Amino acid sequence: MTMIPFLIGIPVLFALIFPFMRESRSRGIMVYTGAGIVMLTTVIFIVQWLAGGAETLMLYPSTELVDHLMAAGDIILMCLIVYLSIKYRRILPILLSVGQTVLMLYTEFSTEVAEGPHMSVDWLTILMCIIIAFIGGFICIYTVGYMKGYHAHHTDVQDRQPFFFSMLFLFLAAMFGLVFSQNLIWMYFFWEITSVISFLMIGYTRTDEAVNNSFCALWMNLLGGLGFAAGITWMAFMEGTVQLLDVISAGAEVPLICLALAGLTKSAQLPFSTWLVGAMVAPTPSSALLHSATMVKAGVYLLIRLSPAFYGNMTGIIVSSIGGLTFIMASMMAIAQNDGKKVLAFSTISNLGLIVGCAGIGVEETVWAAVFLMIFHSVSKSMLFQSVGATENCLGSRDIEDMHGLIIRIPKLAYIMGIGIAGMYLAPFGMLISKWVALKAFVDSGNFVLVLFIAYGSATTMFYWTKWLAKLLCYHIPRDTVKDVTHRDEYVSMSFHAAVMLLLCLFLPFVAIKVVNPIVRELFGNSTDVLSMSVLATMAIMLVSIFIVPVVMFFISRRSHRELVPIYMNGINEGDNRYFTNSFGDKEHLYLSNWYLRFEFGRRHLRIPAIILAAAVLVLGFCLVIGGAL
Amino acid sequence: MSKVSKSPWLLHYDASSCNGCDIEVLDCLTPKYDIERFGIINTGDPFQADILLITGGVNSQTESVVKQIYSQMPEPKVVVAVGICACTGGVFKECYNIKGGIDTVIPVDVYVPGCAARPESIIDGVVQALKVLDEKQTALEAKKAAEKSGHPGTAGGDGHGISE
Amino acid sequence: MEKVLFVLAYLIFAPLLGGLLDGVERIISARMQRRKGPHLLQPFYDIGKLFSKEMIAVNNVQLLLNLSYLVILVIAGCMLFAGADLLMVLFILSTADMFLIMAASSDSSPYANMGASREMLQMMAYEPLTLLVAVGFYLTTGSFHVSDIIRADVSAVIWMPGLLVGFMFTAAIKFRKSPFDLSTSHHAHQEMVKGITTEMSGTTLAIMNIAEYYEMILLFGIFCLFFINSTWWSWIVAVLACALIFFMETLWDNVSARVKWKTLLYSCWVVTLVAGGVNILILMLDK
Chain A
1 MTMIPFLIGI PVLFALIFPF MRESRSRGIM VYTGAGIVML TTVIFIVQWL AGGAETLMLY
61 PSTELVDHLM AAGDIILMCL IVYLSIKYRR ILPILLSVGQ TVLMLYTEFS TEVAEGPHMS
121 VDWLTILMCI IIAFIGGFIC IYTVGYMKGY HAHHTDVQDR QPFFFSMLFL FLAAMFGLVF
181 SQNLIWMYFF WEITSVISFL MIGYTRTDEA VNNSFCALWM NLLGGLGFAA GITWMAFMEG
241 TVQLLDVISA GAEVPLICLA LAGLTKSAQL PFSTWLVGAM VAPTPSSALL HSATMVKAGV
301 YLLIRLSPAF YGNMTGIIVS SIGGLTFIMA SMMAIAQNDG KKVLAFSTIS NLGLIVGCAG
361 IGVEETVWAA VFLMIFHSVS KSMLFQSVGA TENCLGSRDI EDMHGLIIRI PKLAYIMGIG
421 IAGMYLAPFG MLISKWVALK AFVDSGNFVL VLFIAYGSAT TMFYWTKWLA KLLCYHIPRD
481 TVKDVTHRDE YVSMSFHAAV MLLLCLFLPF VAIKVVNPIV RELFGNSTDV LSMSVLATMA
541 IMLVSIFIVP VVMFFISRRS HRELVPIYMN GINEGDNRYF TNSFGDKEHL YLSNWYLRFE
601 FGRRHLRIPA IILAAAVLVL GFCLVIGGAL
Chain B
1 MSKVSKSPWL LHYDASSCNG CDIEVLDCLT PKYDIERFGI INTGDPFQAD ILLITGGVNS
61 QTESVVKQIY SQMPEPKVVV AVGICACTGG VFKECYNIKG GIDTVIPVDV YVPGCAARPE
121 SIIDGVVQAL KVLDEKQTAL EAKKAAEKSG HPGTAGGDGH GISE
Chain C
1 MEKVLFVLAY LIFAPLLGGL LDGVERIISA RMQRRKGPHL LQPFYDIGKL FSKEMIAVNN
61 VQLLLNLSYL VILVIAGCML FAGADLLMVL FILSTADMFL IMAASSDSSP YANMGASREM
121 LQMMAYEPLT LLVAVGFYLT TGSFHVSDII RADVSAVIWM PGLLVGFMFT AAIKFRKSPF
181 DLSTSHHAHQ EMVKGITTEM SGTTLAIMNI AEYYEMILLF GIFCLFFINS TWWSWIVAVL
241 ACALIFFMET LWDNVSARVK WKTLLYSCWV VTLVAGGVNI LILMLDK
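Protein chains in written order, with this note's numbering: chain A, 1 to 630; chain B, 1 to 164; chain C, 1 to 287.
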């Protein structure tokens, strides 16, 4: 597999070029070229792999030079973190970073581990590659247009676009490295790079809020990194190997829970979910790429990889309970948010919680659901982030309240956003199917608490999406005309995502059989058809019901003649539905607000108890596992 | 097509009444008079109402409201003026702010006098209104049929032309 | 063949039976209030009248969305009566409801919007229990499929009485009965005019009513699942039980006043947890 170095190397190369490209037009062309090449390389790579029989490959058994380079890389990352922490006077990141780097270097140079492959390629890797290359690539294209609008809109923010693009491409390279790694030390290296890039991107605007939030993200991710390092150390000293596969086959719980900690922090599960909400201060492309589509998926990727080892032990119970708790708590907190990006952040946390819950159970069905959720969530969430970003550039606000009647004001964005929202929870879109499979799997595995979590959680999920969708679809004559300032680049990316979403829905059985089943088979050795044929027939009915029915009804209802009258406002409507006469006899603007139930589901009520509960579960789990091992 | 008079839904509006007639209107809904046995429902929504029941004379504040509510009711519809104020303006007729009876603003079909109008007479008025409602429905249907036959008529003419 | 018959019967008779039940309910309610009440066929007169009225609308999409609501609801009902997956039926049912909410909020009218918000809240209140009911059937009979559930040896209600009670409690929301008729009410006058149906008139409202009849029969279908087993007389028991449930919902409607949304949400969630959750827990431990 000669393509792997290219997959990682090409984005790095582009990342190195961007700091020298100050002129925006040529930089735009460069981004298009870069994204195009990355996608093309991925396609070639996948075709090669498929032509080679689509077998699991184990690569690079001896790589001493690269190992040393990575050790050097670890030290450089540590120095960077220490420098920035000193600059902004933070102590915690320094302790965590120095601690884990020392631990890693000590492990590397003091233990003798068995030689083994450093990289591997299998179906799960391929799936992640597709997500990274295509969703990541199109988000880069989106960024070209978005950042122009962003800086036109935020004049107070220093224009650091070369740095931003550089980080985006470097991130793609790191993600490729991460998903290919089989050796834990390699994976750790890429893991740390993604943490640092996320930290740098959250701090893009350099405002106080951004800096605070970026350090919050940093220390939480570093804590996960410390867990990762501890897991590696345990494996190296106790088992004499640092292969990911050996962690599963050895089944020792201590490294398992340490790695699970890393996965939980990366995928922003409770009690660490604060960082993802804070990360929303970053420009939208980084939220779309890092904080919903790919980087947080690295956490669940690791957990899915480990999931066969979670079956029926303490760590599995801890992971799945935390996932389930996060699912319901985050979806409740999302109800009380009116900031579009915050809702997306909470919903990301919540959906990741469901995936983590599935992975924690560790049986075929749940992992099947987890992989499915991952695919659909990546596409629809990145689409939603992009459309919210574009809407923000047009309206000057990303408040859901301001999106009232978006379908009249900026129809194209409203349609894209609508497809994204429908994809998140409506039948027949994939999220709902996976939720259905997850529910069945939870029942089968006899996990009562998770069944309750999913029952309540899907109700709360429905509430916050429906009210957003309803807000978009209000046929309300706009107060002021809005100019759609969305660039072509942004529409290219968003239409791509929308098309993929619909195609995924149409070819759901195909995706299930050709992509998801092989992944499950690789992880567990065998796979049963989770989605039976009768369900697929039902899917067809649902597809008809949601797409075709409204279209047919459109034509039927168009034939009927209608007299349009003003809406009912107690007879004090002033003409065009926008104004009514108030008690002083003056014209007053009609303003309709959604329900946010702040006093019931507000963050200030739920956040602290949720964090305490999750932390207690985690600490208890660590105590039990480590106590059991000693 | 079923008769509108079999399920007349009321909308009750107080234009400037002293509430005397309003209480009598609500009285009709109590178990004692039970107008639901005629299929009558007191709805609060002009979009779903067939009969507009107005009490009190129209003043300058309620004039636009009465007009708007009336415009929001789908055809066929009837208006019943309940109480002497709604019929003519009553004792307030000469007041500076009163325009007069409801018929100064919108067409009224049935007048129910009284101060306050008795529930029996209100029910009587509504039952009379039902007859008007049926007449209006027939007229509306005849108009619709005429419109419809108007179209095929011209089309038939064309066909005739071609056959010739 | 049997399935086709069931579906056809549902398609044709559900609105008739639903209308009839509505008429019966209005008479029972009237008698409870010492009134005579309307004619038994009053609901059909109402619908006939609504169709004959002039078409007025506040925008051009409401009729389209309302029709979609009806059709998708009917699809859900057909799937139930064809013996398909119960969970799928429930999911499609909530998708149908989504169209109703969209229809109401597309008007951008204050009352309809409030009604739509409350409808969403009601969905959030009853959704957990409906999911748990499906899970309960799965645990009891080993299948989500209606066709398998009705072929069980013993009636599911033996194993899931808690879920039945919970479902009766939350079904009041779906039937739009007091104390849970927040979004719109069958009773005259409420504080929100007509809530979710405020801007619907004539044909649009008639479609909404027909959809409600279909939904009512669908819900009674789910109630029947609790009682039907492989014996023939269980069908009679199921019909009798449905009649009893129908009467009790009517009684409850007449003796209770509308509650605030918080009471609605919390009481439904607590009942779900206590009646449904405990039932599921016992099933999980025992099966």
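Calculated from the structure, these hints are not laboratory results. One or more of the hints may lead you astray.
[To be verified] Listed next, with one range per pair, are the computed distances between beta-carbon atoms:
#1 C:V259 with A:F507: 40 to 48 Å
#2 B:A142 with A:R559: 54 to 62 Å
#3 A:D480 with B:Q61: 27 to 35 Å
#4 A:L624 with C:V270: 46 to 54 Å
#5 C:K260 with A:G525: 53 to 61 Å
#6 B:V91 with C:N60: 29 to 37 Å
#7 A:I556 with C:L285: 36 to 44 Å
#8 C:V259 with A:D444: 50 to 58 Å
#9 A:Y83 with C:L285: 54 to 62 Å
#10 C:L285 with A:I91: 43 to 51 Å
#11 A:L624 with C:L240: 30 to 38 Å
#12 C:V270 with B:D103: 30 to 38 Å
#13 B:P107 with C:K260: 38 to 46 Å
#14 B:A145 with A:E563: 34 to 42 Å
Remember, it's a predicted structure, so these values are computed and weren't measured experimentally. Think of the CB as a built atom: it goes at the ideal place given N, C-alpha and C, for glycine as much as any other residue.
Status of the hints after comparison with the structure:
1. Separation of C:V259 from A:F507 is about 46 Å and conforms to the stated range, judged on CB atoms against 40 to 48 Å.
2. Between B:A142 and A:R559, the C-beta spacing of about 22 Å breaks the proposed range 54 to 62 Å.
3. For A:D480 paired with B:Q61, a C-beta distance near 31 Å keeps the hint of 27 to 35 Å intact.
4. Taking 46 to 54 Å as the suggested C-beta distance range, the pair A:L624 and C:V270 does not conform, at roughly 32 Å.
5. Taken as a hint, the range 53 to 61 Å holds for the pair C:K260 and A:G525, whose Cβ atoms sit roughly 55 Å apart.
6. Take B:V91 and C:N60: their Cβ atoms lie about 47 Å apart, and the range 29 to 37 Å is violated.
7. For the pair A:I556 and C:L285, the supplied restraint of 36 to 44 Å is violated, since their beta-carbon distance comes to about 52 Å.
8. Between C:V259 and A:D444 the Cβ separation comes to about 37 Å, which falls outside the hinted range of 50 to 58 Å.
9. The hint said 54 to 62 Å for the Cβ distance between A:Y83 and C:L285, and at roughly 57 Å that hint holds.
10. For C:L285 and A:I91, the Cβ-Cβ distance of about 50 Å falls inside the hinted range of 43 to 51 Å, so the restraint holds.
11. Distance hint check for A:L624 and C:L240: the Cβ-Cβ separation is about 53 Å, which falls outside the suggested range of 30 to 38 Å.
12. At roughly 56 Å, the beta carbons of C:V270 and B:D103 sit outside the given window of 30 to 38 Å.
13. Between B:P107 and C:K260, the C-beta spacing of about 42 Å keeps the proposed range 38 to 46 Å intact.
14. Between B:A145 and A:E563 the Cβ separation comes to about 19 Å, which falls outside the hinted range of 34 to 42 Å.
Against the hints set out earlier in the document, violations occur for numbers 2, 4, 6, 7, 8, 11, 12, 14.
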